[in-house]
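First residue of the sequence shown? That's 61 in the working numbering, and the numbers climb one at a time after it.
Check before you lean on any hint, since a few could be wrong.
[What the hints assert, rightly or not] For lysine-lysine, the following DSSO-like pairs were computed, each having C-alpha atoms within a straight-line distance of at most 30 Å: (1) Lys104 to Lys94; (2) Lys152 to Lys94; (3) Lys162 to Lys104.
Note that these hints are calculated values from the structure, not bench results.
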Amino acid sequence: MRILHFEYSEFFRKVVHDMSIREGHDYIPSSTGKNLIALLDKNKVDVIFTGMELSDISAEQLIDALSRSQYNKIPVVIITSSEVQDITHRLKSLKFSDFILKENLNLDTFGKCIRRIQSSL
Numbered sequence: 061m062r063i064l065h066f067e068y069s070e071f072f073r074k075v076v077h078d079m080s081i082r083e084g085h086d087y088i089p090s091s092t093g094k095n096l097i098a099l100l101d102k103n104k105v106d107v108i109f110t111g112m113e114l115s116d117i118s119a120e121q122l123i124d125a126l127s128r129s130q131y132n133k134i135p136v137v138i139i140t141s142s143e144v145q146d147i148t149h150r151l152k153s154l155k156f157s158d159f160i161l162k163e164n165l166n167l168d169t170f171g172k173c174i175r176r177i178q179s180s181l
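Please work from the sequences and hints to get the whole structure.
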């Protein structure tokens, strides 16, 4: 799979990069969300991972822009430190496929999430 990852934290970009490569996936990083459509125009992407806050936009804005584009079928996974109730309340009107809490982010949870996405494609 080709993973597009939006995250302002260099540390979490590195964590997801390393897990992606270890699991045999291609990885494309971005610290900003404004380039979403340009990145999708240049790269075939199977899944998008995003943090809740990027350096320039929020996850809500990123998901909303994605939903209004030709790429609206690409699954979105949110990686966040927010509590589950906060995520579901904050994003209730937006479409996303899954989320992983940062404190639970490890090779096992990452792999399970990817396999759920792959089985739904």
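Going through the hints against the structure:
As the CA atoms of Lys104 and Lys94 are separated by approximately 18 Å, the hinted pair is consistent with the 30 Å bound. Restraint check: the Cα-Cα separation between Lys152 and Lys94 comes to about 22 Å, which is no more than 30 Å; the hinted pair holds. With a C-alpha separation of about 26 Å, the suggested pair Lys162 and Lys104 falls inside the 30 Å cut-off, and the hint holds.
Hint violations for this structure: none, all hints satisfied.
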